[in-house]
Structure formats: structure tokens, C-alpha cells
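S.K.: We have chain A already, so just place chain B on it with the hints.
For the record, the sequence lines run as chains A and B. When we follow my numbering, the leftmost residue of the first sequence carries the number 1, and every step to the right adds one. When we follow my numbering, the leftmost residue of the second sequence carries the number 1, and every step to the right adds one.
It is possible that some hints are incorrect.
Said to hold, decoys possible - No farther apart than 25 Å at their CA atoms in a straight line, the calculated lysine-lysine pairs in the DSS-like style are these:
#	chain 1	residue 1	chain 2	residue 2
1	B	LYS79	A	LYS56
2	B	LYS79	A	LYS223
3	B	LYS463	A	LYS362
4	B	LYS223	A	LYS244
5	A	LYS78	B	LYS415
6	A	LYS415	A	LYS307
7	B	LYS79	B	LYS404
8	A	LYS181	A	LYS343
9	A	LYS456	B	LYS362
10	B	LYS417	B	LYS483
11	A	LYS223	A	LYS343
12	A	LYS362	B	LYS483
13	A	LYS215	B	LYS223
Source of the hints: derived by calculation from the structure; they are not laboratory data.
There are 2 protein chains.
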Amino acid sequence: MKICGFLQKNNSLDEKGRLAGQKNLLSCDNSDRDARFRLTETDFSNLFARDLLPAKNGEEPTIQFLLEIVDILTNYVKKTFDRSTKVLDFHHPHQLLEGMEGFNLELSDQPESLEQILVDCRDTLKYGVRTGHPRFFNQLSSGLDIIGLAGEWLTSTANTNMFTYEIAPVFVLMEQLTLKKMREMIGWAGGEGDGLFSPGGAISNMYSVMMARYKYFPEVKTKGMSAAPRLVLFTSEHSHYSIKKAGAALGFGTDNGYVPLFVNATAGSTVYGAFDPINEIADICEKYNLWLHVDGAWGGGLLMSRKHRHKLAGVERANSVTWNPHKMMGVPLQCSAILVREKGILAGCNSMCAGYLFQPDKQYDVNYDTGDKAIQCGRHVDIFKFWLMWKAKGTIGFEQHIDKCLDLSQYLYNKIKNREGYQMVFDGVPQHTNVCFWYIPPSLRSMPDSEERREKLHRVAPKIKAMMMESGTTMVGYQPQGKNVNFFRMVVSNLAVTQSDIDFLIDEIERLGQDL
Amino acid sequence: MKICGFLQKNNSLDEKGRLAGQKNLLSCDNSDRDARFRLTETDFSNLFARDLLPAKNGEEPTIQFLLEIVDILTNYVKKTFDRSTKVLDFHHPHQLLEGMEGFNLELSDQPESLEQILVDCRDTLKYGVRTGHPRFFNQLSSGLDIIGLAGEWLTSTANTNMFTYEIAPVFVLMEQLTLKKMREMIGWAGGEGDGLFSPGGAISNMYSVMMARYKYFPEVKTKGMSAAPRLVLFTSEHSHYSIKKAGAALGFGTDNGYVPLFVNATAGSTVYGAFDPINEIADICEKYNLWLHVDGAWGGGLLMSRKHRHKLAGVERANSVTWNPHKMMGVPLQCSAILVREKGILAGCNSMCAGYLFQPDKQYDVNYDTGDKAIQCGRHVDIFKFWLMWKAKGTIGFEQHIDKCLDLSQYLYNKIKNREGYQMVFDGVPQHTNVCFWYIPPSLRSMPDSEERREKLHRVAPKIKAMMMESGTTMVGYQPQGKNVNFFRMVVSNLAVTQSDIDFLIDEIERLGQDL
Numbered sequence: 001m002k003i004c005g006f007l008q009k010n011n012s013l014d015e016k017g018r019l020a021g022q023k024n025l026l027s028c029d030n031s032d033r034d035a036r037f038r039l040t041e042t043d044f045s046n047l048f049a050r051d052l053l054p055a056k057n058g059e060e061p062t063i064q065f066l067l068e069i070v071d072i073l074t075n076y077v078k079k080t081f082d083r084s085t086k087v088l089d090f091h092h093p094h095q096l097l098e099g100m101e102g103f104n105l106e107l108s109d110q111p112e113s114l115e116q117i118l119v120d121c122r123d124t125l126k127y128g129v130r131t132g133h134p135r136f137f138n139q140l141s142s143g144l145d146i147i148g149l150a151g152e153w154l155t156s157t158a159n160t161n162m163f164t165y166e167i168a169p170v171f172v173l174m175e176q177l178t179l180k181k182m183r184e185m186i187g188w189a190g191g192e193g194d195g196l197f198s199p200g201g202a203i204s205n206m207y208s209v210m211m212a213r214y215k216y217f218p219e220v221k222t223k224g225m226s227a228a229p230r231l232v233l234f235t236s237e238h239s240h241y242s243i244k245k246a247g248a249a250l251g252f253g254t255d256n257g258y259v260p261l262f263v264n265a266t267a268g269s270t271v272y273g274a275f276d277p278i279n280e281i282a283d284i285c286e287k288y289n290l291w292l293h294v295d296g297a298w299g300g301g302l303l304m305s306r307k308h309r310h311k312l313a314g315v316e317r318a319n320s321v322t323w324n325p326h327k328m329m330g331v332p333l334q335c336s337a338i339l340v341r342e343k344g345i346l347a348g349c350n351s352m353c354a355g356y357l358f359q360p361d362k363q364y365d366v367n368y369d370t371g372d373k374a375i376q377c378g379r380h381v382d383i384f385k386f387w388l389m390w391k392a393k394g395t396i397g398f399e400q401h402i403d404k405c406l407d408l409s410q411y412l413y414n415k416i417k418n419r420e421g422y423q424m425v426f427d428g429v430p431q432h433t434n435v436c437f438w439y440i441p442p443s444l445r446s447m448p449d450s451e452e453r454r455e456k457l458h459r460v461a462p463k464i465k466a467m468m469m470e471s472g473t474t475m476v477g478y479q480p481q482g483k484n485v486n487f488f489r490m491v492v493s494n495l496a497v498t499q500s501d502i503d504f505l506i507d508e509i510e511r512l513g514q515d516l
Numbered sequence: 001m002k003i004c005g006f007l008q009k010n011n012s013l014d015e016k017g018r019l020a021g022q023k024n025l026l027s028c029d030n031s032d033r034d035a036r037f038r039l040t041e042t043d044f045s046n047l048f049a050r051d052l053l054p055a056k057n058g059e060e061p062t063i064q065f066l067l068e069i070v071d072i073l074t075n076y077v078k079k080t081f082d083r084s085t086k087v088l089d090f091h092h093p094h095q096l097l098e099g100m101e102g103f104n105l106e107l108s109d110q111p112e113s114l115e116q117i118l119v120d121c122r123d124t125l126k127y128g129v130r131t132g133h134p135r136f137f138n139q140l141s142s143g144l145d146i147i148g149l150a151g152e153w154l155t156s157t158a159n160t161n162m163f164t165y166e167i168a169p170v171f172v173l174m175e176q177l178t179l180k181k182m183r184e185m186i187g188w189a190g191g192e193g194d195g196l197f198s199p200g201g202a203i204s205n206m207y208s209v210m211m212a213r214y215k216y217f218p219e220v221k222t223k224g225m226s227a228a229p230r231l232v233l234f235t236s237e238h239s240h241y242s243i244k245k246a247g248a249a250l251g252f253g254t255d256n257g258y259v260p261l262f263v264n265a266t267a268g269s270t271v272y273g274a275f276d277p278i279n280e281i282a283d284i285c286e287k288y289n290l291w292l293h294v295d296g297a298w299g300g301g302l303l304m305s306r307k308h309r310h311k312l313a314g315v316e317r318a319n320s321v322t323w324n325p326h327k328m329m330g331v332p333l334q335c336s337a338i339l340v341r342e343k344g345i346l347a348g349c350n351s352m353c354a355g356y357l358f359q360p361d362k363q364y365d366v367n368y369d370t371g372d373k374a375i376q377c378g379r380h381v382d383i384f385k386f387w388l389m390w391k392a393k394g395t396i397g398f399e400q401h402i403d404k405c406l407d408l409s410q411y412l413y414n415k416i417k418n419r420e421g422y423q424m425v426f427d428g429v430p431q432h433t434n435v436c437f438w439y440i441p442p443s444l445r446s447m448p449d450s451e452e453r454r455e456k457l458h459r460v461a462p463k464i465k466a467m468m469m470e471s472g473t474t475m476v477g478y479q480p481q482g483k484n485v486n487f488f489r490m491v492v493s494n495l496a497v498t499q500s501d502i503d504f505l506i507d508e509i510e511r512l513g514q515d516l
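Isolated chain A, as found in the complex (with noise of 0.2 Å):
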């Protein structure tokens, strides 16, 4: 097994004795305020999770433990914006499964020592992906910014649940001003209406779905869908799929129905990055009295970007929208808000008035208890990460970030769209950061289209992400969609991505692929 080189042992009596009386070696500075942590060298090996707080005499232990951690995690920060670390050391699960050296996945009935517990902390970031690399480009989330991490800290720390403003006062007031501010950019007069953070943008869609079923038969809620004719939901082609599987989930069917009642326009479709034209769309749902739903699940963070926001023109006239901060805003995973209008809709469709939860009769106003309005019970707090963001970047700090990765975007596109041996997969400007394209090696550069071409294109891209992920450089996706045989999406949503980037990714796509 191997130990990691920092978790030097001391097992003098000295040690001994500075574990035994860590109330006064804590490093006051100042009697008047917190005292502030020292880091030093503790031996871990005969030490258990039964030590540390709250044991007695667990203080000291409690904090040199989480020391270490920060340790491990302050490190992995650093290196994952170095660009001469990898993105991933990649092994198949039936390695991981098997046991890599001293990091053996499997449960016991017994104790592990908190030594053993620190190096599979290490382990557990070593033999993962480095989202927050530069040179990651596998999904729309990506990137790792540092106040959302702190955020997501503190979130952990105070370990609450969102649904009472009992035990989440703070969070509670957060959610709800965050919430109205970005129904002010939606463009909602006054910024009214509601909304939620939910655990993903398909959380999102589905209650936009539910909230339109509910508007035109409330009856539905009690009596079922036998209470209501066989409804439509329209949405195109590249939606995301969340909308179908709403559709399942509710008892709708996927392929089902008579009676339109619901429309998605997708802002930013997940490969292309393309904009629906809401204006259009709104018109013909006011004209038969239908549900807008706009998914801007991945373009919804271009409403903070003066120069982008004309992209997603209309979407005032939205019954709902669905905004996932934690994709093009950087926000860490997981940050997703469903967004609605018309005010008291989301209560009644999910409420369900449990009286053990909550109770009418406290001693603040209960408005603010939200649990309600959620079709979850407990709900996670997603909301701080973004808020401590917000403070932090201001407005404009978003706007400057969606800008600059619309820029490089632009910068890739113009780099290979003229460039040997790349195919565009659709035609123009990419309106997103999503820049879609073949690379055709040297061998079938000259072969004429046909079917056995189509079938070794379609191998190239699955092979060249194979070897870069073999070789931990880089990643980027890649997919078939409709007739089209796989293509690379490649999107930018991380701050730390530069030019020198892109050119990487173009480098090592043609050194890999050359030979193909």
C-alpha cells in the first residue's frame, strides 16, 4: 500500500501528549476572536472516526483531520489548473473494481484508521476526471470556480434542507431574492412570479410540465389523467430529452395524444447550442391559449450578457423558463432554477399541506416556508454556491464570463472551418459555444461519400476520444444525431480555457487521428 508521502509519523509522547491536551496549543492570537487553525503533523494510524468530534478530547484531532483534507483538496485545486497535469488517468472498471494499489473500493463490517481514510481521499481524486481542467470539454458544466467551491463548503458545513425557513432562514431569503432577480432579466415585470432550485435541469422541465397540465385541469391533481383528454406536448427534434421522459414519468406517454397543451422552446439545444425563435412560437401559443416552456437549461445564462441576450428574444413571454447556472454560468453541480409567471401555480400543484412540516400556527410568516411548492421533501441547498457567486463576480462578472467563451468559440470556429481535413455539421455561426465538426483523417479525405466513407467516419471520433482519454490529455464529446455519424460537440464553459487551448485540442485531435 502505498502511503502517501505527507502523513508523516510522530509517535514520540510528545505527540502524544499534544493530542491529549489540545485545548492549549491552538494558536490564539487574540483572546477576543476565533482562534485560528494550525496545521501540524498528527499520526492518523491509530486513529479512528470514534476520535474525532464529538469524542471527547475530539477537538484537536477533529480539526487536524479536516486539515489534511484541505490538504489533499487545496492541492488538487492547484494542479487541476495546470495544464502539465493530466485531465485523467483513465483505468476500465473492471481495474478499479479489482483494486488499484492500497485503494480497495469494497465496505467492511470494521473500522478503517483515519490514515487509510485520507489516502483513499487521494486516491478518490487521482483516479478521477478533472472537470475544472482547462483542457476538459466533455460537458456543458465544466470549470471550477473558486468561490463556488467555498460556497459549496459552507453549504456542506451547515449541512440544511430547504424546505422551512425554520432551519434554513438564510438560504431561504437567498433562493428567494436570487430567484426574483433573474425573473427581472427574464424580463417578468417586477421580477414576479416564482420558482425554484431543483436537483437538475429535467427536475426543472418536468415541473414546467406539471405546472401547464395543472393550469388547464387542476383536476388532474386528484382525479387523474382520466380526468383530462389525451394531451400533446409539442417540443423539436434536438430538445433535450428530459422532455420525453417528463412526458413518461407523467402519464402523458411519449408518443401519445390529441389535445395540445404544452409547447418547449429550447434555448440552446444541448449539441447544436440552438436557439428556438420564441417570439414565433409565442404567438402561436397565445393564439390556441397553449403553456410556453422555455428550456434555457444551457443558453438561459446568456440573458446576463448584453452583447448574447438578443438570442433568447421573447422570453418574457414564457409561462416558464428553466435556467441552469451550473452550466453556462460555472456554477458548481448541482444549480438549477424552474422559473414561472403566473404566481401560487407551483404550490398548487405539488402542495400537499403535511402538518408535521408545515405548521401554521409558528411564530414567523410561513410564506416563506418553500417545501410546499417542491414535489421533493427535503431539498438540497443549491442556492448559497450561487449567491456568494454573485456577490463576488457581480453581473458583470458573469456577463464578461459568457462573453469570453463565446469569443473562443468563435475563435475555434474560424480556426477550422476552412481548415483541411474538418467538415462543419451545420452551416453558419455557432449561436451557442457549441461548435460541431468532423475530422477526416488523411485516408478518407479523398474518398468519395458513400456508405463504407459514412461507416469509417463514424468510427473516428469514438476512437480519437478513446486515445485522448487513454493518454489523460484532453476530452471532448462526441455523438451521431438524426443521419449525421459522429461528429465532435466540443463547448466551452470554463473561465480557465484560453486560445492555447483550443489549439491544444486541434493539435491533439490531429495526432491522434492522422493515422486513422
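M.R.: Using the frame of chain A, we list chain B on its own:
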């Protein structure tokens, strides 16, 4: 504005020089290993988010900023376990919204300095509720497990997503192994079956209803609820309201139905902590071919205790089980599992095969990609803290936790069952840690039962609770249930609680309630 004392200013040239040349000042004890951090006194009043990584020369301010956060958090942790600290410092919503001294919740266009961000973090904790305090009894989830906390800090730093093995290899495998271990404890042969961690017990319960419907009426996925007869879900009056919410959301309706589909047996009801007789219910489900779900959100943890697991006898006959380690097992929020006996049904029910995410032509075994089983797309990493706690405590550590909490409830029950001024809400020894009781102030003790007395008694618990919160000494839940007027529901799930805290609660109720 209050500037916390620890934010020492140092604007000397030396300080500025140090910031610029940060690389040389890390305290490297050994060139072979990672640099250990050193907390210095940094002036954050002229530093902003934009000065942190990925900014040029951002490494040192980044580390120092994160260490200041850790200083705040470790002090919070220490005080949480200190009984001389208040549980909360209560303020009404309007007070916090108007802005406390130096703490303004409003967001603005321009960034705040990192000094202000640190103040905001302190204030966020100051005006919150210490859910880990040994005298916080308000919720089924309480406590602050240090290993779990470390796990959450690491999870935030890794900032990834459970949907594919590709970007969460270690976490995906940890989830798989942990779920298998949980299924073994349920008693499913060989730990076979499937499952997921979901964002809370309500969503886990929703999954169970979806799977039941898919099992018996798979065509609902594509054709909608009109493809099935009008269906009934059975659950007890005391069961969690999430079963009803699921019925409403999924299109069953809350008071609908003719054809029995699904029975929910509660293992540990929210208010009374009661266990439904699973074996008797399973007999009926087998006879009539119904899906049996066991909602063990609260009671599932007792499976870890050889002394108490008999309360869930028959759980191995369930088709699906909800089990929230974030409740009785002290895992930080959120950590809830839905477990299912039949393999394949979770994917069958929810898969939509999104090509951009779940490519079949990846280089690894794509059976490890979990995303298409979920109703979510992105899914937060909830497994790591739980896995780490299991490693650090062993199964035996969870058993001790549970047995200790149940012993403490027994202590409370014995203390008050015959004590003057107390009346138990239900007869007999509590099955879980829930102890439900009325405190009857002296003024009501000799009053005969009447509408007037019931109305007065109904107001006692809210009044005492309000005074507790205003004095900040302790928190405990209350609610009415059926014909019963407001009563206290005491629960224990925090390992830090001792008999002295139980004594304190009773003393406090009597102190605050004696003159009502």
C-alpha cells in the same frame, strides 16, 4: 460594517511582494511530495474573485482565500459541538431582508471584495441554524458527521456528475458497490437487483410508483395513462405525503382509482416512528399480485442494527425499498437510495437513450453508465460521503450509532411516561426514536377535558417552540395529527446527543411552559 477581527490588514510592500511572488513562499518540506499549505495574513480588501485562479498569479490568493474559509468553517464545527453555543440566533424574515449590520442579501452588478465575501460567509453561518448541535432535535436529519463533512468537501471539489462512468468512474463504482451492500442487508439473494441515489426520499418513493406502473402497464411509458385502467395506490394515513405527491404528479390522482397496483408499507413513519407489519402486507401483495414498496426513508437505517432490524421483518419480500442514509445514519444531506429487486426495470422504465450522452461505442463497458436509469439527467454525487463514512466507521459503527440513538429515546420515554405534566400521544414503547408527547402546563392539569382545554393545549407546543427559538437554546418539532391537537415529536439521530441533552430539553420545556 463589522469587519471580523481575523481579517488582518497588511498593506506593506512586503505583503504585496509576497503576493506577487507566491510560488517561492509555499512551505515545501520535501520536494517529492505536494506542498503543504501555510495560512498567512492576507489583505483581501483589494482582492476580488477575478484575482483568484485561473488568474495569472492567482494560486497564492486562491489558497489563502480557501484557507480563510476553512478557518471560518472549522471554528463553526468546533462551536457546533460546544453546548455553550446557541442552536440558533433567530430573526424574522423581514429583519434579515432589511439587512443586518454589514450583511446585505441583495445582489448587484458590481463585484464585492473578497474581504466582504468572507464576512458574508461568517454572517450566513451566524444567522443560520446549527443542525449539528447536540440540542437540535427538530428534524429527522441532524448531526454533523466529520467524515461525512470531509466527504462532501471532496465531492464539491471534484464537481462531477453521476450520469456516466466516463466522468465519474470512481463514484459510479462506489455507488454500485454500496447499493449492492444495502440490498444484501435488505436480504435480496446475493445482493442482486438495482438502484440509484436520488435527491431525497420523496423522489425515491416516486421512483417506486413509476417502476410499479412500468412493471404492470409498460405501455403507459409511450401511450400515457389512458393505456391503463384507473389505478389505485394504497398507503396508510400516517405514511409520508410524498406517496400522495407521486400519485398527483404521475397522473394517478390523489383520490382516484379502481384497479390496485401498488402498496406502500412504511418502515418508520415520520411522526410516530411506527413500522407497518411488512410480512402481513406482503402476503396480501403476493396474493393479489401487487407491487410492494417499503418506505424506509426513516426506518431503513435500523437494518444496520442486529438489535432492531427485526422491526423490518419481511422487507426482503418488497419489490422496492426507499432508504435514506441522511436520516438515521447521520450522513450529510442529501443521501437517499431507491433500491429495487428486479434488474432492468429501472432502465426499462426511464431510459430514453440520449445519443449525445450514452454513446454505445465508448471504449469501456457502458453498462456502468447510470444516467439513463434516472429521471434526472445530471445527478449530484451523493455517494462519496456515505461510502467514506462506511469505510471509516464500518457497519459496526452505524450499528452503534443506531443503537445509541434508540437507547436515548428509551431514556426519554422512561423519564416522562409517568412524569407529572406529561401525556404520551400513543401507547407503548416507541418503535423508533420518535417520542410523541404533550406537555401540560400547570394551569391545564386540573382542567377537565373539553373543547376549551383542547384549544388551549393546542397552543402550548407552538408557544414553547417559539420561545425556544427566540432564546436559541434548543429546537424540537411539533404538529397536530388527526384528532390530536399539537404535540411534541422528539427524535434523536445525532451521535452527539447525550442523556444530559435529553434532560436539558425537558427542563427547557418546563421552564418555558410552566406559566402558560
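S.K.: Check whether the Cα positions of LYS417/B and LYS483/B lie no farther apart than 25 Å.
M.R.: Measuring from Cα to Cα gives roughly 21 Å; hence the hint holds.
S.K.: Can you confirm whether the C-alpha distance between LYS415/A and LYS307/A stays at or below 25 Å?
M.R.: holds, 22 Å
S.K.: Starting from LYS362/A, check that the Cα of LYS483/B is at most 25 Å away, please.
M.R.: holds, 19 Å
S.K.: Is LYS181/A close enough to LYS343/A, meaning Cα to Cα at most 25 Å?
M.R.: Judged against 25 Å, a Cα distance of about 15 Å means the pair holds.
S.K.: Would you check the hint for LYS79/B and LYS223/A, treating anything up to 25 Å between C-alpha atoms as holding?
M.R.: Distance of about 51 Å is beyond 25 Å: violated.
S.K.: Quickly compare the C-alpha distance for LYS79/B and LYS404/B to 25 Å and report which way the hint goes.
M.R.: Given that 25 Å is the threshold and the Cα spacing comes to 23 Å, the pair holds.
S.K.: Holds or violated: LYS463/B and LYS362/A, Cα atoms, limit 25 Å.
M.R.: With a Cα-Cα distance of about 8 Å, the restraint between LYS463/B and LYS362/A holds, given a limit of 25 Å.
S.K.: Run the distance test for LYS223/B versus LYS244/A: straight-line Cα separation, threshold 25 Å.
M.R.: holds, 12 Å
S.K.: Keeping to a limit of 25 Å between CA atoms, is the pair of LYS79/B and LYS56/A held or broken?
M.R.: At roughly 14 Å apart (the allowed maximum being 25 Å), LYS56/A and LYS79/B satisfy the hint.
S.K.: Straight-line Cα separation of LYS456/A and LYS362/B no greater than 25 Å?
M.R.: holds, 16 Å
S.K.: Does LYS223/A pair with LYS343/A here, judged by a C-alpha cut-off of 25 Å?
M.R.: At roughly 23 Å apart (the allowed maximum being 25 Å), LYS343/A and LYS223/A satisfy the hint.
S.K.: Below or equal to 25 Å on CA atoms is what counts here, so check LYS215/A against LYS223/B.
M.R.: holds, 22 Å
Checked against the numbered hints given earlier, this structure breaks hints 2 and 5; the rest are met.
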